[in-house]
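Assemble chain B with the ligands onto chain A, guided by the hints.
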Amino acid sequence: MKSIEAKVVVLGSQGVGKTSVVIRYVGGMFSKAVSPTIGASFFTYKMTLDNYRIKLQVWDTAGQERFRSMAPMYYRKANAAMLIYDMTSADSFYDIKDWVSELKKNIDTPIVMCLVGNKNDLSDIREVSTEDAMEYASSIGALYCETSALKNTGIDDAFLQVAQQLIKLYETSPNSGLHTIDLQDNSSRPASSSPGMKVDSPKKQTAQSTNSGGGCGC
Amino acid sequence: MDESEGKEAEQVPPSVRNPDSASASDQDDFVEPASEEIKNAVLVAADTFVDINYDDLVNEDYDSHPSGVIHAIVRSGSQDEHSSSEHNDTSTGEESSEDHNEIPKDLSAALNDVALKESDPIEEIEEDEYGKGSKWQLEKKHIFILSSSGKPIYSRHGQEDKLVTIMGVLQALISFVSAAKDSMRSIVAGDHKFVFLVREHIYLVAVSKGLESVQQLVLQLSYIYNQILSVLTFTSLQKIFKQRRNYDLRRMLSGSEKFIDNLLNLMDHDPSFKLQAVRCLPLDSPVRDSIAQSIIQHARVKDLVFAIILANNQLVTLVRMKKYFLHPMDLHLIINLVNASESFKAAESWTPICLPKFDASGFLQAHISYLDESCQTCMLLLSVDRESFFILSECKKKIQERLIKYNGLQAISDSLMKTSYSCQQCGISDLRHFLYKSRSMAQYTSPELEAPYLSDEEQERLFGLYLYLHNRIHTSVRPLKILYHVGKHETLLGWVTQQFELYAVFGPLITKHTAIGAINKLLRWIKKEETRLFILNSATF
Ligand SMILES: Nc1nc2c(ncn2[C@@H]2O[C@H](COP(=O)(O)OP(=O)(O)O)[C@@H](O)[C@H]2O)c(=O)[nH]1
Ligand SMILES: [Mg+2]
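Chains A and B, in that order, are what the protein sequence lines are.
Position in the first sequence (from 1) plus 25 gives the number in the numbering used here.
Position 305 of the second sequence, counting from 1, maps to 287 under the numbering used here, and the rest follow consecutively.
Just chain A, with the same shape it has in the complex (with noise of 0.2 Å):
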């Protein structure tokens, strides 16, 4: 069994949802009571698939204007974005268009997006249709997930998805700035399980790799 870490950012505007979607997936729960995000909060999942145990080391952002300039330092290392919106708010759905630009311009490692329409359990309401949404997912290479953190939909299916590609990532590209990790005993580890390379800096990599695996689009 392999065994791979990887950096996953969430970004997206103040009160989509970001810190109660990763706390319902991380922490099985839901509080209407959240509060908001200081700075930025690190969570770590382990869960085992497709024969790899991954290891996703999850940085939950905050939304707010002053910690903007902080986003880089979580961003830069990503192996994955989850880009989340409110379904229910036009607006925070264009926010992510400034992140999508702004990771494109600053990022050259493969990275797997994933579109995340929030607030699923309010689509009566919502301002954004899941035909413009796809449809903007496409044109840049995300997934796309339409999720409620209230009533627990869609959450473990995006994480899912985002996972899978990493897998697929790579295995594609070993150069994608995945990190091979130790996560067994190292008494039942056969003595090079994992496919020779740690890959632990892996700057400097282009854009040569960006096509492989379905979501990665930058």
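Source of the hints: derived by calculation from the structure; they are not laboratory data.
Be a bit skeptical, because a hint or two may be false.
To be verified - Label-pair restraints from in silico Cβ distances:
(1) B:V151 to A:I150: 53 to 63 Å
(2) A:R93 to B:V170: 35 to 45 Å
(3) B:R368 to A:D75: 32 to 42 Å
(4) A:R93 to B:N519: 19 to 29 Å
(5) B:L436 to A:T155: 34 to 44 Å
(6) A:F55 to B:V146: 34 to 44 Å
(7) B:K221 to A:N76: 51 to 61 Å
What the hints assert, rightly or not - Each computed DMTMM-like pair below joins lysine to aspartate or glutamate, with the alpha-carbon atoms no more than 20 Å apart:
(8) A:K80 to B:D230
(9) B:K509 to B:D266
(10) A:K193 to A:D75
(11) A:K102 to B:D230
(12) A:K71 to B:D230
(13) B:K240 to A:E90
(14) B:K240 to B:D230
(15) B:K133 to A:E90
C-beta: ideal position from N, C-alpha, C; glycine also.
Showing chain B with the ligands alone in chain A's frame:
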């Protein structure tokens, strides 16, 4: 607030007022034995915090921001370039004596008028057209923040964007006075005080009918100003307004209004701020030392400037980089940050924070996490390295393991359970409550609130008594050393020396003689307990 002691306020026997100038026998009782004890305390006094003096505080020029410390650390590791960067400019305070002359009179009037205040409609400071209704007008303390061009930034009550008119009036008033190369500090109108703090780009105004003196309100405004710097830095504030004088600062502050709200609420109830001192969680000193050692051993990381453990707004331990000190004001902002943010309970956090007294020009990065399941014990690791999250996260794990293994966390939670200590433990009958501040350490201790101070109203009244005592003693026109005040419900005794400040509350029937004896006994008790109540040795990396 019920504050009926005012009438007795002037009963203070003149002989007690100034022990230096008189040699009444009373004072001999006071000074001799206790100062002996306290001298010893000073010898071991720690340099954990920078000491401050009230006059400096009020007169301080807050625009002379220390800066470059962070840069210096990054550049040269532990080399100290700090000392030269801070300078005081005392020129702003010179015209203030007139204001202060007003205070005692005004305050005792305020004390006398309390009953009236509760029921009478307040003289209107606003008209209805502002649409805030009478509840808004009845608020005890308003805080307004505006930019120097008059744009609303914050209002404690009501919505600041509905207050454009009043902000405009305030701006006009302040500009008018400063155009005449003068500055306005306060206006007393009826039972309202208007207090102004004018900074380079920001004006802060307090309108209060509470008991605070002008000085105390200025201090609160400085805290609020520093809170704003803490989320923005002085450098970026300057940059923002240089680019656009008209900028709506609320955009940059969005999400951090709650820190200002929270700070204002804390200042209304917690004596730390007016004392300019930090309260330590009582812990046996070997336990505290071992907690500090855990940090020193496992957080020996380059560029880590401060490591702090807090529990319930009290300081458990502070480890600092040699030669760098944490100012109590900065620590209060950190306590406020933790106190106001539920989000740190969910996960490890990594956030920029500017500590204005340390370096107003830049951010430190804070790794913030709770060490226990019940989220009572919070650790902050403050570094100048923006990239050190994972290193610090490792440190945190090791420190946490060690604290569990050696029962450090258990000791903290036990101490929290015991809720500090009871006044009875001091063994002094008729002593109801006290605040004792060690001036050299900038730390204070006080017992739990017990009957009769259990209800909110009674606690607020007690807080008002302390405000009164503190204000009387520190009024800059005529600072007192000792104040003995017989009130209707309690007798107050305040005593300030080079080494300490003590504010004690007794039952109403105590005699002066007994009170003096009790105070000396209390000082002995504090001396005996001091290793538990204070952090005497400052730990460094
Ligand atoms: N109805 C509904 N509300 C949600 C959902 N997710 C989050 N919220 C609410 O949206 C607000 C902001 O959530 P938060 O997670 O703090 O957003 P963040 O600023 O993006 O981290 C909170 O009041 C949440 O309770 C959802 O799926 N449905
Ligand atoms: Mg959040």
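Distance restraint between K133 (chain B) and E90 (chain A), which requires alpha-carbon spacing of 20 Å or less: OK: K133 (chain B) and E90 (chain A) at ~19 Å, within 20 Å.
Whether the CB-CB distance between L436 (chain B) and T155 (chain A) falls inside 34 to 44 Å: violated, 58 Å
20 Å limit on alpha-carbon distance, applied to hinted pair K240 (chain B) and E90 (chain A): holds, 15 Å
Given pair status - D230 (chain B), K102 (chain A), alpha carbons within 20 Å: Violated, because 33 Å separates the two Cα atoms, which is more than 20 Å.
Agreement of K80 (chain A) and D230 (chain B) with the hint, judged by alpha carbon distance not exceeding 20 Å: violated, 42 Å
53 to 63 Å as the expected CB spacing between I150 (chain A) and V151 (chain B), which holds or is violated: violated, 41 Å
Distance restraint between K193 (chain A) and D75 (chain A), which requires alpha-carbon spacing of 20 Å or less: holds, 11 Å
Range agreement (Cβ of N76 (chain A) with Cβ of K221 (chain B), hint 51 to 61 Å): Given range 51 to 61 Å: holds, Cβ gap about 52 Å.
Hinted pair K240 (chain B) and D230 (chain B), Cα distance within 20 Å: Holds, because 18 Å separates the two Cα atoms, which is no more than 20 Å.
F55 (chain A) versus V146 (chain B) beta-carbon gap, inside 34 to 44 Å or not: holds, 39 Å
Hinted pair K71 (chain A) and D230 (chain B), Cα distance within 20 Å: violated, 43 Å
Outcome for the supplied range 32 to 42 Å, where the beta carbon pair is R368 (chain B) and D75 (chain A): holds, 36 Å
Of the hints listed earlier, those the structure fails to meet are numbers 1, 4, 5, 8, 11, 12, in rising order.
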